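Engineer: Residue-level listing of the chains:
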Amino acid sequence: MTVDLNKVDEILSKKDLRHESLIHTLLDVQDELFYLPREALERVSERMKIPLVQVVQVASFYKAFSLEPRGKHLVRVCLGTACHVRGGERILDQLKRILEVESGGTTRDNLFSLEAVNCLGCCASGPVMVIDGKYYGMMAANKVERVLKKFKGNGKESIDDKS
Amino acid sequence: MIKVKTVAELEEWREKILAEHRFTEPSVMVCGGTGCVAVASDEVADAFSKALQEHNLQAKVELRVTGCHGFCEQGPVVVIHPERFFYVRVKPKDVKEIVEKTIMNGEIVERLLYKDPTTGEKIKFETDVPFYKKQKRILLRDSGVIAPTNIEDYIARGGYAALPKALFDMESEEVIEEVKKSGLRGRGGAGFPTGFKWELCRKNIGDIHYIVCNADEGDPGAYQDRGLIEGNPHCLLEGMIIGAYAIGAQKGYIYIRHEYSLAVKLIKQAIADAKEKGLLGINILGSGFSFEIEVQLGAGAFVCGEETALMASIEGRIGEPRPRPPFPAQKGLWGKPTIINNVKTWACIPQIINHGADWFSEMGTEKSKGTTIFSMVGQVKNTGLVEVPMGITLDELINGIGGGGTNGSKLKAVQTGGPSGGCIPENLWHLPVDYDSLIEAGSMMGSGGMIVMGQGTCMVDIARYFLSFTKFESCGRCSACREGTKQMYMILDYITQGLGREGDIELLEELGQAIKAGSLCGLGQTVPNPVLSTIRYFRDEYEAHIKEKRCPAGVCKDLIIFSIIDEKCTGCGVCLRACPEMAISGEKLQPHLIDEKKCVHCGICREVCKFDAINVI
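Line order of the protein sequences matches chains P and Z.
With the numbering used here applied, the first sequence corresponds to residues 1 to 163, in that order.
With the numbering used here applied, the second sequence corresponds to residues 1001 to 1617, in that order.
Hints are computed from structural coordinates only; laboratory data are not their basis.
List of simulated lysine-lysine pairs, BS3-like, C-alpha gap at most 30 Å: (1) K1203/Z x K1331/Z; (2) K1336/Z x K14/P; (3) K1557/Z x K96/P.
From the derived model, a few chain Z residues whose C-beta atoms are all more than 12 Å from chain P: (4) E1009; (5) K1050; (6) E1100.
Note that the coordinates shown come from a computational prediction; the quantities given were computed from them, not determined experimentally.
Beta carbons are placed, not taken as given, at the ideal position from N, Cα and C, and that holds for glycine.
Only chain P is shown next, with the shape it has when bound in the complex (with noise of 0.2 Å):
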């Protein structure tokens, strides 16, 4: 896969190079790249003037980052402890035999990631998941398999509700 690197110079071209700004430039590439990809690496190292051993790190230090290629849509279920409590743990394992992947993984489809992740902070709705940045709260296991059935066609869907 190429890696299109006038998308990471358009980001870099309207950032201040201060090392201070790394992780906000790195999360900006991300956004852009879905993932950090080691050219994009790469090309920021060069422009900031931060050796690369240390973009890598900070890249491969927070959770935030992914250096592998993620899928089409991001499903993110929320194991905080409200929603752990509230049954969060079976919305993950149903996921996980639904998608047939494990936590962190993409479907051999590139269609869906699963991610577990600490607290999305609505706290009040949980257990909740989330798929390209739209909320499902007060969700079962159950209805797991409708939710996703929505992303399976088109993928229409994640591009009208992305919020």
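Fit chain Z to the known structure of chain P by using the hints.
Structural biologist: Frame of chain P; chain Z shown alone:
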């Protein structure tokens, strides 16, 4: 509106805004906090916009998308002003009726009112809802009333009045003195007296001083800081500007989790607006004092809530803590004196300056002053954000404001302080909520997360849950924390699988002490708390797992068996269809049966059964 250059111009502007009577005219407040957006409050707001236009009311009735109302359980929340009719769980299809009945004719839509679960009474007004009635909302007073995107709303409610008072009527030292006198302690959890910290920083002569707002709210189950920013971002800014003046800082940072996209957007807008109006930036209100604020995003590392790790992250490095001393107040960001305070701490400052230290210190207990905000979640009836004076008992909070367990169920414990805190059993709920009592009980205040647990929560599983969290979040610098959390997790995991051995409890206790002693930062030093506190209060549950291979709460998958109670099963077939392993069989209208060989103990059948016919032992 042009820049405000003097205090007189600010007051003139305020007069002008007040003359518009924006809070006494008819208006619709739709909650736009993340909790309500998760249940589609944005669609409700759109529906209002359309309906008001259809009736040609858009000029007469203002539609205001506010921040969090706090009562997230009942979202989307809509309040109709000036009467303050309170509608809950509003759907887009209800909007037409609200506009036609309530707004045009002053009639109430009965079915959308909140029903008090205890008395069954329908409540008309926001102020009469028991959830709000028993609170003391000072920091949250304007959340849910003002539009967080509109600086004029904040000004109309008396905002940016403390700022000129501090800048022109008080010396920096007097501001610090006032904060010291108020008895305010850091709301991030540790409870260090704020005024003393500021004084320490001010005394450190350096060419530049920094201040930081810690909004890296990583505790699972806590979202009060996010709620406050989404509800009233300017109160945080005003607090920071006053603090910067007191300390002598020129630059401030707000460090906020990138996951909080709405809060990030709102705080950035608030900064831009305050700057445009001259309340932030160069020569604020003509005082000669200049101050800038920048937003830095966290990228998902729990340890960055620890102040030295947070500073490393702001500098663009990995979030690894360093030893203290030197404290950040002496050597912080880029080696310069730095003050780091939590969102709620900063938000208290304008209140203290406006009303005085005595007013503030009248609330609370002898050593813990003022109010604080909790996010009360879990198996409690009324979940949401609550603001209460320090010193309120856990019972008043959970059974009073929270309304007790969901569906009237009996409660077991409350977890405070996130992964650094502990579980406090129900028989200790007479304890007051303040820094010192909670530490004595083996937990801590923490940043304000409060997770209520019912009888269906296994305490060993909860301890395991927190260790799985901290094992993953440990930055890896100190071996006691890095390796110790792994070992504790493994032991707990074995116990929940029925592989626990005699002596495991003692081993956990010993490990816990070793991790506390051998870790550099607050994360490692408090990591064992969830385990130690559950052992302290629920030792019998641990013993049941280890000795009898039994999970009394029916949670640990390897120790439970699912079966169907014949007398209760109606043979409706719901569980049969829901079972992912097709382990349930049975004829229609006949009691069903679970095949133990196929059952994976996922619990879905119990979740879907309407007749309580699934037995777990």
